[in-house]
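Peer 1: So the sequences go chain by chain: R and V.
In case it helps, the working numbering puts the first sequence at residues 1 to 105.
In case it helps, the working numbering puts the second sequence at residues 106 to 330.
Since the hints were derived computationally from the structure, they do not count as laboratory data.
As the structure is a prediction and not an experimental result, all values here were calculated from the model.
Think of the CB as a built atom: it goes at the ideal place given N, C-alpha and C, for glycine as much as any other residue.
Do not rely on the hints blindly, as some may be mistaken.
[Said to hold, decoys possible] For lysine to any residue, the following SDA-like pairs were computed, each having C-alpha atoms within a straight-line distance of at most 25 Å: (1) R/K73 to V/V209; (2) V/K226 to R/D12; (3) V/K291 to R/D12; (4) R/K73 to V/A127; (5) V/K226 to R/I11; (6) R/K73 to V/K289; (7) V/K289 to R/I11; (8) V/K226 to R/V44; (9) V/K226 to R/L27; (10) R/K73 to V/K291; (11) R/K73 to V/A207; (12) R/K73 to V/F153; (13) R/K73 to V/K226.
[Stated by the list, open to error] So the derived label-pair ranges between C-beta atoms look like this: (14) V/T249 to R/D38: 19 to 25 Å; (15) V/D247 to R/G40: 20 to 26 Å; (16) R/L91 to V/D247: 30 to 36 Å; (17) V/D161 to R/T102: 17 to 23 Å; (18) V/L268 to R/L56: 22 to 28 Å; (19) V/D132 to R/G18: 46 to 52 Å; (20) V/F244 to R/L86: 29 to 35 Å.
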Amino acid sequence: MADHTEHTEHIDSIQTYGAVWILLLILTAVTTAVAFIDLGAFSVVVALCIAVIKMLLVALFFMHVRYSTRLTKLVVSGAVLWLAILITFTLADVWTRGLIGTPGR
Amino acid sequence: MADQAQAHAVETLALREQFDTAAQQRDAVTLGMWVFLITEVMFFGGMFLAYTIYRDIYFQVFALASSSLNAVIGAVNTAVLLCSSFTMVLAVRAAQIGHRRALVIFLILTLILGFAFLGVKAFEWNQKFQEHHVPGPTFHLDGTAEQGHAQLFFSLYFAMTGLHALHMVVGCGLLTWLLFQSLKGKFTPEYMTPVDISGLYWHFVDIVWIFLFPLLYLIDRHLGR
């Protein structure tokens, strides 16, 4: 093994992965249970918050982003940025249509 | 020059000629896979956005249609998929530490769970056909006059879950290939790139479902009843 020590690749323990897995299952149960409670407009907020937490758990632990290079982390964050641009600008358009009149009509 | 010739002669899968070190090659591989996954994020992102906009416009009927889905089956299937991600990460770990038997076992488990997810999905789709919830001439959703807008929900439902399932089928294909390769003993702690990046792909497909499940099945249940 001594000749392989040059790669400082991090390997998580089975316990760590197991804990993440149990947490993911608990969060799934929670988000399903919450859906049957009337929270009004907050049900979307709660569901998306839980989904984002689950996504972070999967990405950081299962997909090893925690131990990735800074360049990979930057690229991964880039995905969130591009998605945010797509969603924000499209919704900004759709939700504000008709707020101002069309010139000439 | 002699050194260079020698360096070329020892080119391996773990260290290709164009890389300085094996670690550099691994970093490049991870980065490349993530760039591909970003294109997938944008691909699914477009559909999530379409769903968001139409859900916003036809709020009532979307809530009704969403509530007709079985949240318990959806939750069970989410659990199945999360379990498959767990076995996949253990397969990657087994490859990293060079446990061939464990790698084979965890790949088989992941494959079984992947098929289980697709089986449940097929059962759900079959129910949609029986309930006439498939967009088309025979479509009917009880409790609304807006049949067209209800069909829009189910069109998005089938497009999103269908494309997700297609990604699962591709994933199962990758797993089968990995299984045969690992049985042949192709993967070592020095070279397990295919296992590693297939793992990234599998977890990504899991993340897509993590968002699909609440958005399609859960968020409007309180309104639909």
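Peer 1: If a hint holds in the structure, say so; if it doesn't, say that too.
Peer 2: Here is how each hint holds up against the structure:
1. Our distance criterion of 25 Å between C-alpha atoms is broken by R/K73 and V/V209, whose separation comes to about 30 Å.
2. For a cut-off of 25 Å, the pair hint linking V/K226 to R/D12 is broken: about 32 Å separates their Cα positions.
3. A hinted pair counts as satisfied when its Cα atoms are at most 25 Å apart, and V/K291 with R/D12 qualifies at roughly 23 Å.
4. The hinted pair formed by R/K73 and V/A127 meets the criterion: a straight-line CA distance of about 20 Å does not exceed 25 Å.
5. For the given pair, V/K226 sits about 33 Å from R/I11 by alpha-carbon distance, which is inconsistent with the 25 Å threshold.
6. Annotation: proposed proximity of R/K73 to V/K289 is violated, straight-line Cα distance about 34 Å (limit 25 Å).
7. For the hint pairing V/K289 with R/I11, the CA-to-CA distance comes to about 24 Å; that is within 25 Å, so the pair holds.
8. As the CA atoms of V/K226 and R/V44 are separated by approximately 24 Å, the hinted pair is consistent with the 25 Å bound.
9. Proximity of V/K226 to R/L27 is assessed by CA-CA distance (about 21 Å); at most 25 Å being required, the pair is judged to hold.
10. A distance of roughly 29 Å separates the Cα atoms of R/K73 and V/K291; the hinted pair therefore is violated under the 25 Å criterion.
11. Between R/K73 and V/A207, the direct Cα distance comes to roughly 29 Å. Violation of the 25 Å bound is thereby established for this hinted pair.
12. Annotation: proposed proximity of R/K73 to V/F153 holds, straight-line Cα distance about 24 Å (limit 25 Å).
13. Only pairs whose Cα atoms come within 25 Å are accepted, and R/K73 paired with V/K226 is rejected, the gap being roughly 33 Å.
14. Range check, V/T249 to R/D38: about 20 Å between beta-carbon atoms, so the 19 to 25 Å window is met.
15. For the hinted restraint 20 to 26 Å between V/D247 and R/G40, the CB-CB distance of approximately 25 Å keeps it satisfied.
16. Between R/L91 and V/D247 the beta carbon distance is about 31 Å. The supplied range of 30 to 36 Å therefore holds.
17. The supplied range of 17 to 23 Å is met by V/D161 and R/T102, whose beta-carbon atoms lie about 22 Å from each other.
18. Against the hinted window of 22 to 28 Å, the Cβ-Cβ separation of V/L268 and R/L56 comes to about 23 Å, which satisfies the hint.
19. In this structure, V/D132 and R/G18 break the distance hint of 46 to 52 Å, their C-beta atoms being roughly 27 Å apart.
20. Between V/F244 and R/L86 the C-beta distance comes to about 30 Å, which sits within the given range of 29 to 35 Å.
In this structure, the hints that do not hold are numbers 1, 2, 5, 6, 10, 11, 13, 19, in rising order.
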